[in-house]
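**Student:** Listed below are the residues making up each chain.
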Amino acid sequence: MTDSLTSAPPRPVWVVDRWSETRALEEAEDRAVSQPAAEGAVAIETRSLNVYYGDVHAIKDVSLKFYRHEITALIGPSGCGKSTYLRSLNRMNDTIPTARTTGQILLDGVDVGRPDVDVWALRKRVGMVWQRPNPFNKSIYENVAFAPRFHGVRKKKDLDEIVERSLRAAALWDEVKDRLHESALGLSGGQQQRLVIARALAVEPEILLLDEPASSLDPVSTAKIEELLFELKKRYTIIIVTHNMQQAARISDRTAFFLNGELIEYADTKTIFTRPSRKETEDYVSGRFG
Amino acid sequence: MTAKIVDRVMTAVFYLIAALLVVLLVGLLGYILARGLPKLSWTFLTSPPQSLSAGSGIGPQLFNSIYMLFLTMLFTVPIGVGGGIYLAEYARPGRLTDTIRAAIEVLSSLPSIVVGLFGLIVFVYYTGWGYTLMGGALALMLFNLPLMVRTSEEAIRAVPHEQREASLALGVSRWRTITDVVLPSALPGIVTGAILTAGRAFGEAAALIFTAGMSTPRLDFHDWNPLSPTSPFNPFRPGETLAVNIWKVNSEGLIPDAKEVSAGASAVLVIAVLLFNLMARFLARVFYRRMTAAKL
Amino acid sequence: MEAHPLIAGRRTREGFRDRLGYAATLLSVAVILVAVAAIYLFVFSRGLATFFVNHVNVLDFLFGTEWRPTLTESEGGPKFGVLPFIVGSFIVTFFSALIAGPIGIGAAIFMTEIAPSWGRKLMQPVIEILVGIPSVVYGFTGLTLIVPFLREHAGGLGFGLLAGILVLAVMILPTVTSISVDALSAVPPEIKAGSYALGATRWQTIWRILMRASAPGFVTAVIFGMARAFGEALAVQMVIGNGKNMPTSLLEPASTITTVITMNMGNTVAGSVENNVLWSLALLLLLMSTVFIFAVRWVGRRGRLMSR
Numbered sequence: 141m142t143d144s145l146t147s148a149p150p151r152p153v154w155v156v157d158r159w160s161e162t163r164a165l166e167e168a169e170d171r172a173v174s175q176p177a178a179e180g181a182v183a184i185e186t187r188s189l190n191v192y193y194g195d196v197h198a199i200k201d202v203s204l205k206f207y208r209h210e211i212t213a214l215i216g217p218s219g220c221g222k223s224t225y226l227r228s229l230n231r232m233n234d235t236i237p238t239a240r241t242t243g244q245i246l247l248d249g250v251d252v253g254r255p256d257v258d259v260w261a262l263r264k265r266v267g268m269v270w271q272r273p274n275p276f277n278k279s280i281y282e283n284v285a286f287a288p289r290f291h292g293v294r295k296k297k298d299l300d301e302i303v304e305r306s307l308r309a310a311a312l313w314d315e316v317k318d319r320l321h322e323s324a325l326g327l328s329g330g331q332q333q334r335l336v337i338a339r340a341l342a343v344e345p346e347i348l349l350l351d352e353p354a355s356s357l358d359p360v361s362t363a364k365i366e367e368l369l370f371e372l373k374k375r376y377t378i379i380i381v382t383h384n385m386q387q388a389a390r391i392s393d394r395t396a397f398f399l400n401g402e403l404i405e406y407a408d409t410k411t412i413f414t415r416p417s418r419k420e421t422e423d424y425v426s427g428r429f430g
Numbered sequence: 003m004t005a006k007i008v009d010r011v012m013t014a015v016f017y018l019i020a021a022l023l024v025v026l027l028v029g030l031l032g033y034i035l036a037r038g039l040p041k042l043s044w045t046f047l048t049s050p051p052q053s054l055s056a057g058s059g060i061g062p063q064l065f066n067s068i069y070m071l072f073l074t075m076l077f078t079v080p081i082g083v084g085g086g087i088y089l090a091e092y093a094r095p096g097r098l099t100d101t102i103r104a105a106i107e108v109l110s111s112l113p114s115i116v117v118g119l120f121g122l123i124v125f126v127y128y129t130g131w132g133y134t135l136m137g138g139a140l141a142l143m144l145f146n147l148p149l150m151v152r153t154s155e156e157a158i159r160a161v162p163h164e165q166r167e168a169s170l171a172l173g174v175s176r177w178r179t180i181t182d183v184v185l186p187s188a189l190p191g192i193v194t195g196a197i198l199t200a201g202r203a204f205g206e207a208a209a210l211i212f213t214a215g216m217s218t219p220r221l222d223f224h225d226w227n228p229l230s231p232t233s234p235f236n237p238f239r240p241g242e243t244l245a246v247n248i249w250k251v252n253s254e255g256l257i258p259d260a261k262e263v264s265a266g267a268s269a270v271l272v273i274a275v276l277l278f279n280l281m282a283r284f285l286a287r288v289f290y291r292r293m294t295a296a297k298l
Numbered sequence: 151m152e153a154h155p156l157i158a159g160r161r162t163r164e165g166f167r168d169r170l171g172y173a174a175t176l177l178s179v180a181v182i183l184v185a186v187a188a189i190y191l192f193v194f195s196r197g198l199a200t201f202f203v204n205h206v207n208v209l210d211f212l213f214g215t216e217w218r219p220t221l222t223e224s225e226g227g228p229k230f231g232v233l234p235f236i237v238g239s240f241i242v243t244f245f246s247a248l249i250a251g252p253i254g255i256g257a258a259i260f261m262t263e264i265a266p267s268w269g270r271k272l273m274q275p276v277i278e279i280l281v282g283i284p285s286v287v288y289g290f291t292g293l294t295l296i297v298p299f300l301r302e303h304a305g306g307l308g309f310g311l312l313a314g315i316l317v318l319a320v321m322i323l324p325t326v327t328s329i330s331v332d333a334l335s336a337v338p339p340e341i342k343a344g345s346y347a348l349g350a351t352r353w354q355t356i357w358r359i360l361m362r363a364s365a366p367g368f369v370t371a372v373i374f375g376m377a378r379a380f381g382e383a384l385a386v387q388m389v390i391g392n393g394k395n396m397p398t399s400l401l402e403p404a405s406t407i408t409t410v411i412t413m414n415m416g417n418t419v420a421g422s423v424e425n426n427v428l429w430s431l432a433l434l435l436l437l438m439s440t441v442f443i444f445a446v447r448w449v450g451r452r453g454r455l456m457s458r
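Residue numbers (the working numbering), protein chains in the order written: chain A, 141 to 430; chain B, 3 to 298; chain C, 151 to 458.
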């Protein structure tokens, strides 16, 4: 345990102007990860992860590695545990009183499941977006600026910059730049979802967890979100839960198939959809159940 | 056939009962206002009471009522909202939470006179303050806390869970999530609850007789120093409120025009209650419209 | 070992705020807990002093019918029999609930079953305003309207138990109604639909189905009303006449536990026997209101068991 702690180079978590630094670093990595199937750097991984809700064993012994600058899709029928698994990666399950987790979640070689880990710092690095857009009941500007301010950005100029940069990154800037101080609840569903993504980007995470981010949106908005994810993948590691097989096939580099809380199969997306090695996977991706 | 006749008769009975309630309210309000409104004048509302002769005003009592309301809300709102936050955000099912809920239930159904007697021991005798506005405000706070806690807990619970998750997932602390995300959304409900609480506090008398007393010292309304004994703003002076005054002049019967004075004071109280009620309704509707309009 | 940023711990300022905020909410809750505990503690200790310090006999207190606190020892006093007041309290509580119960439940049925749309829209504010009217205003109205009316038409002074009962009945009516409305609203609509489908009239459905399904809720409503009536002090004091003797008719002046406390607490010296006796009355009041709370809880549990 101690070894893994010291072996990882400490990353400056709270330094705000990490953006440019990371970008340079990641552009270099971009070239390295041009082929999705190649084994890149691991962004986050779980080892023998188990999650219980009260007496229900929701996640059973899942070990998975997610690679930097890839989109990994988690698929499976409703109730298979994929959302629960996603939520455990940034310890959002902590907010459910009956939830209990065993096993390891490794970020930078640190087991972030440990009780002494700073969950605020963890969640700052591992952002999350939900199925239904859930902007705060605040202005567009405040939605984005809220978390950076909490994490220590005080100057108006810096906040302005973060807001613009995040909204641009979420492909929303041009649509809202003239009404930043209007309520976010006035935006359309698709715009709200991109705002939620911008909000998550504002704290400069490394990993984005998306829980069916397009399932409540119309086809046009969905296409915009998918396009955006493709763009975001250059800088971030993306893990997406989806119900939509075509979506998983279109955008992801790797796919993990879950069934009844177990990881059935994990491979690059092409393999999963064309020649899966497990019967259950084949049945599911060919639409025979779920 | 008979079943149908019985049904019609009973329907008529229910209409009668409803009509009775409406008539009761209209009659009550009409009576109080008809008797009290003619009495209301600027002089009546501002001049001091007489101890033995006719011609009393209710100036100091009206001031005391409003000032006491201000003082008690100063305590009730923060503590009530704090309790609401605890129950809605932090409380885990278990013994402690059960005890807290039972305590709130007990406190809310205690007769107000018992709360007044408790105030007598603690805020009058034990502190050595004697009868004070502060003692009355604290007794009223105890009496009103359950309502404030309950309404704010409800308002806070009504905020969608996704709002909290969104904030927590950004690495924001629980407390800042509550103060910056949850409370602004719960504000309409909390404000409505506070207004209802204020309405109740304004008319309460039994809890005040033994805490804030039944007299008011000679007040100098030019003296704004809250430490001076003749200043109306001194919270540590006795202060009889309007509601207490109504009870006092009628049970002591020392002034000849007790009924007229009380009629005027009752009208003021009833108008205040109606205003509080209307305000709560109006705010609730405005906020409701704003919330639903924003979601479309 | 150099601290890893993920484990380095929370920045002190927000971490401190987080803990402080939690502590503040806990403190708010503690205020309530301490207040309730202190209320019981103080009322018990003062109320029991009568028996343990002043050695008044509990049975003489509870069942004595003579209230003569100033009678000297040579005259055979003082006498602290509070039975007339206890009886007075129970009479006004019982009869006011007897009046307000059926009317309140009827009004609730009107609001939920007979005219759910406009009836509710009309009655809801009526009830809320009735709840909000201060008790001294009810008392004043009773004093200037009900008492003279009784004096003219029923004889006697007009002050008495009946005046108290009528004032209290009006006061608890909105309480009974609003809780009954909650009970009726909680009845699943399928149950009603089933009854109508069998060809039952509205009244048959109300009588056979709704009354049974909401019975625990109605009981709760009436108990809450009784608790309010039992604890009300000023409105009753203004109209009941404050007689000290055992009531023999509803038209006679009488007293209740609360009115005796209200009248005398300010005129007795703290620590004197007479003052302690008043605290014993307050203790009785506290015990009764506790009984009401437990009754409500018990009915609530029974109701849940029944509906299973």
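Any given hint could be a false lead.
Examples of chain A residues toward chain C, derived with CB under 7 angstroms [stated by the list, open to error]:
#1 Ile236
#2 Asp251
#3 Pro255
#4 Asp256
#5 Val257
Pairwise CB distance ranges, derived in the manner of DEER restraints [what the hints assert, rightly or not]:
#6 C/Trp268 / B/Ala5: 23 to 29 angstroms
#7 B/Ala56 / C/Arg362: 56 to 62 angstroms
#8 A/Pro217 / C/Arg169: 39 to 45 angstroms
#9 B/Pro95 / C/Phe240: 35 to 41 angstroms
#10 C/Gly165 / B/Gly96: 23 to 29 angstroms
#11 A/Lys205 / B/Tyr92: 35 to 41 angstroms
#12 B/Val24 / C/Ser335: 44 to 50 angstroms
#13 A/Asp423 / C/Ser335: 46 to 52 angstroms
#14 B/Leu189 / A/Asp423: 49 to 55 angstroms
#15 C/Gly165 / B/Pro95: 44 to 50 angstroms
#16 B/Leu76 / C/Gly421: 32 to 38 angstroms
Read the hints as simulated data drawn from the structure, not as lab findings. Idealized CB from N, CA, C, for every residue including glycine.
**Student:** Determine for every hint whether it applies to the structure shown.
**Tutor:** Verification of the hints:
no., hint, in the structure
1, Ile236, "violated, 19 angstroms"
2, Asp251, "violated, 10 angstroms"
3, Pro255, "violated, 10 angstroms"
4, Asp256, "holds, 6 angstroms"
5, Val257, "holds, 5 angstroms"
6, C/Trp268 / B/Ala5: 23 to 29 angstroms, "holds, 26 angstroms"
7, B/Ala56 / C/Arg362: 56 to 62 angstroms, "holds, 59 angstroms"
8, A/Pro217 / C/Arg169: 39 to 45 angstroms, "holds, 42 angstroms"
9, B/Pro95 / C/Phe240: 35 to 41 angstroms, "holds, 38 angstroms"
10, C/Gly165 / B/Gly96: 23 to 29 angstroms, "holds, 25 angstroms"
11, A/Lys205 / B/Tyr92: 35 to 41 angstroms, "holds, 37 angstroms"
12, B/Val24 / C/Ser335: 44 to 50 angstroms, "violated, 21 angstroms"
13, A/Asp423 / C/Ser335: 46 to 52 angstroms, "holds, 47 angstroms"
14, B/Leu189 / A/Asp423: 49 to 55 angstroms, "holds, 51 angstroms"
15, C/Gly165 / B/Pro95: 44 to 50 angstroms, "violated, 27 angstroms"
16, B/Leu76 / C/Gly421: 32 to 38 angstroms, "holds, 33 angstroms"
Checked against the numbered hints above, the structure violates hints 1, 2, 3, 12 and 15; every other hint is satisfied.
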